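Engineer: Using the hints, put the two chains back together into the complex; each one sits in its own frame.
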Amino acid sequence: MKKDLVSGALDNRKESIYAEDIVKIKTQNLSLYYGEKEALKSITMDIYANKITALIGPSGCGKSTLLRCFNRMNDLVPSCSIKGLIEADGNNIYDPKIDVVAVRKKIGMVFQQPNPFPKSIYENIAYAPLMHDMVKKGKECDELVEKSLRGAGLWEEVKDQLQKPGTALSGGQQQRLCIARTIAVEPDIILMDEPTSALDPLSTKVIENLMLELKKHYTIIIVTHNMQQAARVSDKTAFMYLGELIEYNDTEEFFVNPKEKLTEAYITGKMG
Amino acid sequence: MKNDYFYIPQIEKRNAKAKRFHILVSSAIITTMAFLFFFLFTIIKEGIPAFKQSYIQVDIEITQELVENPYAINATLDKDIAKFISRSWTRSLPSQIEKNPDWIGKTVSLSALTNADVDQYLKGNNHKLSQDQQQKLDKMYEDGIIEFKFNKIFFTTGDSKIPENAGFFSAMVGSVLTMLVTMLIAVPIGLMTAIYLEEFAPDNKFTQFIEININNLAAIPSILFGLLGLAIFINFFGVPRSTPFVGGLTLALMSLPIIIVSAKAALKTVPESIRQAGIGLGLTKWQITRDHVFPLALPGMLTGSIIALAQALGETAPLIIVGMIAFVPDASTSIFNAATVMPAQIYTWSGMPEGMYIEKTSAAIMLLLGVLLSLNAIAIYLRKKFQPKW
Ligand SMILES: Nc1ncnc2c1ncn2[C@@H]1O[C@H](COP(=O)(O)OP(=O)(O)OP(=O)(O)O)[C@@H](O)[C@H]1O
Ligand SMILES: [Mg+2]
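From first to last, the protein sequence lines are chains A and B. Its first residue numbered 1, the first sequence is counted upward by one per residue in my numbering. Its first residue numbered 1, the second sequence is counted upward by one per residue in my numbering.
Think of the hints as simulated: they come from the structure by calculation, not from any bench. Owing to the predicted nature of the structure, the values given are computational and were not obtained by experimental measurement. Quick reminder that beta carbons are idealized off the backbone N, C-alpha and C, glycines included. Some hints here could point you the wrong way.
[Stated by the list, open to error] Restricting the straight-line Cα-Cα distance to at most 20 Å, the calculated cross-link-like pairs of lysine to any residue (SDA-like) are: (1) B:Lys285 - A:Val101; (2) A:Lys136 - B:Thr284; (3) B:Lys123 - B:Gly355; (4) B:Lys285 - A:Pro96; (5) B:Lys285 - A:Ile98; (6) A:Lys119 - B:Thr284; (7) B:Lys106 - B:Gln57; (8) A:Lys106 - B:Lys285; (9) A:Lys137 - B:Asp291; (10) A:Lys137 - B:Gln287; (11) A:Lys164 - B:Lys385; (12) A:Lys119 - B:Gln287; (13) B:Lys384 - A:Pro165; (14) A:Lys119 - B:Thr269; (15) A:Lys164 - B:Gln387; (16) B:Lys285 - A:Asp133; (17) B:Lys285 - A:Leu130; (18) A:Lys119 - B:Gln387; (19) B:Lys99 - B:Lys152; (20) B:Lys139 - B:Leu77; (21) B:Lys268 - B:Asn215; (22) A:Lys97 - B:Thr284; (23) A:Lys137 - B:His292; (24) B:Lys285 - A:Met134; (25) B:Lys384 - A:Ser120; (26) A:Lys259 - A:Met227; (27) A:Lys119 - B:Trp286; (28) B:Lys285 - A:Met131; (29) B:Lys384 - A:Ala168; (30) A:Lys259 - A:Asp46; (31) B:Lys152 - B:Pro329; (32) A:Lys83 - A:Gln28.
[Said to hold, decoys possible] Some chain A residues flagged as far from chain B (calculated, every beta-carbon gap over 10 Å): (33) Val135; (34) Glu146; (35) Lys216; (36) Pro258.
For reference, chain B alone in the conformation it holds in the complex (with noise of 0.2 Å):
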């Protein structure tokens, strides 16, 4: 029923074009959704298999000649089984054996890695094995010779041109040490160079100049800047390629303007009553800063500097360009030494046709979307806890 005293002209038609509009964002946000639930789906489905690994129990007599020549073991087995065998438990077998003198002239039971094939083949995978091998492998799966375990390897070992003996281990640690380099530089720095732009330097052409420059620098695409860090770091000043040191240099200059641009919104929420209070009690510039704005816009300051190392961590190209995606078997100790990260890693991974590095690209990934889920975590947190109470 049509009611006349409340009757707007056009109520109708301006109800429904709210109505068009709600369902347009519904729309694109549902849109949005399905496109990252497909993405992590894929990515889990294709990543969780990475996380077992194939053992295959074998009886092996251990001689002296074994220490020199592992090798050597192929001959003493059933001949498919040294088949699905991969060549790089055989090649650790000396250093197991060193660690076990008293299994010499025994004959032990032990659990050896599988090859890629055999890995891939029980996972259902592409593989390249013989009908004969499939019919054995799918004969000891059944009595239990060979059994899936967690795959340690993944998270103990770097690169390795063996794909079952590929980690992602070392690619972590290089990350870390570039980040901590990137960290205790860019922060600092970003953090001071955000007060003192907005509390204490005069505003006149020169910092409006400074400013804007910034801004554009937080919008540069980040290639760019390995072009720089190859350029100043690398060719001016000698520092070694390749390193987390060069690495972590590169990406601070590409996290400074982030650090900076999101350091001076923090400091432009703090109300400014609690300068002039300040100013209205005799206080210095710096005391009122350092005590009371500070402190009010630290929350901010640090979910900005966090958001910036969480990009900078996922961040390859700059990297690719200063040498950090060199192949690198083992986990860097210094950061001066050869080291590769998180995305480089998968991005050299992802160009690998073998199945098992298929896998384990998506794994890698599960890996470093993890990593920066906690650090967004981390930055909410810290936000929260150090929001002062009004």
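So here's chain A without its partners, still in its complex pose (with noise of 0.2 Å):
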């Protein structure tokens, strides 16, 4: 097992912390409307690299959907529009000359239900890098295999049946899987919308120790409706109402001394 889950949070927030802080996604005035429904209204908001991010708020506030404004997944939905802008890295991932399957690569995603390919754990995880002819197959590829089941914390478990469909491990060991698909076709950053709510609290803990090793590597942002997730992993801790931004901040200030009265509200239960 990794480090004890508390301290491990802890000091890693610590590090992070201190740590030089890189911008790696800036979002200004960042606007989404379904049709009329204005449903992100002017947000901005700098994610920092190798950090975990966490966006908290009662439900239809608006976290999924800015969260799939980050690879532009909103793209699939037809009555979608976007005023503002979103720069990975120093480039508008909205730039009409990019094209959007580049950004999902760089971008990655985790969903709240595992969804793992109806095939067997090796080729969950092979297809994608084949695909982007990130290796070849054959030992490149089986290396691949390893080293993203490995970061995802699966191989002990799967190593002797790689063979076996993916849709046959537990929940938990299905989300790992999709983190293993994930992380092989190297992205920069991982978007994880509540990736643990369909998950046991074992599994859960788990993966959010996962994230804590991940995090060396890759910029996190995750949805959560877990208040107590939210502060045991995340370095950032952003709280959104209504489509509004109300606060962004270091984790344990956001919850140790919340600076307006929404958020404080929220983070004693008093609403939502």
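Structural biologist: In structure tokens, the structure reads:
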């Protein structure tokens, strides 16, 4: 097992608070409309590299919508239109000259419900890297599969059954398989939309530890309904309400010393 | 004894209602089953005798003359026996002699096909034989001179004006050729259209209009597709009528909407989360569709296609319009030769007054039903086999 959960989380947070803050994603005056409805209202926030940023807020406040802006998943919603700017490492991700598929390779996503392909564990991981021409079939690919599974902390459990269908794993294992699949394409940023809400506490703990491990190499943005989870794993926490970004701060400061009345009401359970 | 603790008001009434519904439903099912059994029973009862055919043992002196004029045997045979033999058998004598040249000059004992009246009399059906002839036949049957054999003719020849010589073979060949054309055209086009509409087409007024039209086409009376086929393929493109090619094209028109609708339904059953997973990994639409969505939808698509083809196989009306009900004695050798198909042959025979055609109609229906059942079994098997393991 990895480091003790809570102390590990604190250690990591301390490291990153004092580490140099590099802006990974820059969001400026981002507004999003579903048809007439304004789902995100002029959001401005910077996401820092190698940190875990948690998005919290009541249901329907726009957390998923914001998250899906970062890898342009909202492009798939026909009624959706966007104003404002999002830059990843200084590159406008909504630049018409950029291929949206390339954006999604750089900025991977893990979903609420584990959604492995109904293929073998091996194929689940190998498929996308092969399609992206990152590796060749054979040894190189085998190595990547092993590396990704190790990265997601799943290798020991499945190394003897790589040909087993990914859908035959337990929920927690499936979610780690999905994470392994995401890191196999070597993204820069990983978006996670309530990745543990379909899991039992034990699997949740495993995945939380995994995120703390992953942030050494990736920038992670996580949507969560679970405030304890945000407090446990994140370095930065953002509170959203009715499409607006109400407060965004270092996690410790955010929970101990909320600046806004709304935030305080939410984290003390007086609302939402 | 009444238990007050577990008493719900009107519980008896509700139970009675449920019971009435149950009786209604089961009686509906029993009625349907009764009809089905009645239908199958009559068909099988009438059709089974068609699989055997009476043959008569005759000694014939083979001469060179018979090759030129086979009907000369009538003079050498007993007058009544000559009347029992089928004209079609006599007509085939020269070719039999050609195959066995050593027969010439000898007297050989041959098993001759009897005509329809003899066969029908022996099977206890309507016939036009005199009292005398009947007695004679009874005697010969007892002596073993006349016997029933498996009816090979039914499976090896085409239609004929001589009832005992009529077979189902050319109709089966015609159906196979027609279905090949239909399958090769309708399945690929139908599946590709469905994939395009479901996965790639933008959701706008125009595509909605197209989809509504396709759905409605699936419900159009099949005879209209025959008229369409006549207008487009025969009158406009000049495709030869009565051929499996034009019949196949026409049936393809008819099957397309059904294939498209069922394939779209199969694609809809693929969970959206699979597509999302692919998008999240930066895969292209084409990669996701080809390697993840299509394999999952394939069993459903195959099932739908096979059911559509099975329906086309049993279709008569549109084929009548493109001339595939013609009298076709010989099995077609290419999709550009005149041919008839199984249901059209059944339709033709069903209008014939002779008892022998009646039993052949039933036998042909049995074969057609057998093919349709096998197709459905294949569809079920394929669906089971390719079902992804979740
Ligand atoms: N595809 C869509 N079309 C139209 N409106 C949408 C769409 N997706 C989300 N919305 C609306 O946008 C608002 C924000 O939704 P979003 O899914 O981002 O909320 P959320 O904060 O993730 O909520 P939850 O915690 O329940 O997941 C909601 O009011 C929702 O109704
Ligand atoms: Mg959400």
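Engineer: Next step is simple, just say for each hint if it's right about the structure.
Structural biologist: A quick look at each hint next to the structure:
no.	hint	result
1	B:Lys285 - A:Val101	holds (9 Å)
2	A:Lys136 - B:Thr284	holds (19 Å)
3	B:Lys123 - B:Gly355	holds (10 Å)
4	B:Lys285 - A:Pro96	holds (18 Å)
5	B:Lys285 - A:Ile98	holds (16 Å)
6	A:Lys119 - B:Thr284	holds (18 Å)
7	B:Lys106 - B:Gln57	holds (16 Å)
8	A:Lys106 - B:Lys285	holds (17 Å)
9	A:Lys137 - B:Asp291	holds (16 Å)
10	A:Lys137 - B:Gln287	holds (17 Å)
11	A:Lys164 - B:Lys385	holds (17 Å)
12	A:Lys119 - B:Gln287	holds (15 Å)
13	B:Lys384 - A:Pro165	holds (17 Å)
14	A:Lys119 - B:Thr269	holds (17 Å)
15	A:Lys164 - B:Gln387	holds (16 Å)
16	B:Lys285 - A:Asp133	holds (17 Å)
17	B:Lys285 - A:Leu130	holds (16 Å)
18	A:Lys119 - B:Gln387	holds (12 Å)
19	B:Lys99 - B:Lys152	holds (19 Å)
20	B:Lys139 - B:Leu77	holds (17 Å)
21	B:Lys268 - B:Asn215	holds (15 Å)
22	A:Lys97 - B:Thr284	holds (17 Å)
23	A:Lys137 - B:His292	holds (19 Å)
24	B:Lys285 - A:Met134	holds (19 Å)
25	B:Lys384 - A:Ser120	holds (19 Å)
26	A:Lys259 - A:Met227	holds (17 Å)
27	A:Lys119 - B:Trp286	holds (18 Å)
28	B:Lys285 - A:Met131	holds (12 Å)
29	B:Lys384 - A:Ala168	holds (18 Å)
30	A:Lys259 - A:Asp46	holds (18 Å)
31	B:Lys152 - B:Pro329	holds (16 Å)
32	A:Lys83 - A:Gln28	holds (9 Å)
33	Val135	holds (14 Å)
34	Glu146	holds (19 Å)
35	Lys216	holds (22 Å)
36	Pro258	holds (33 Å)
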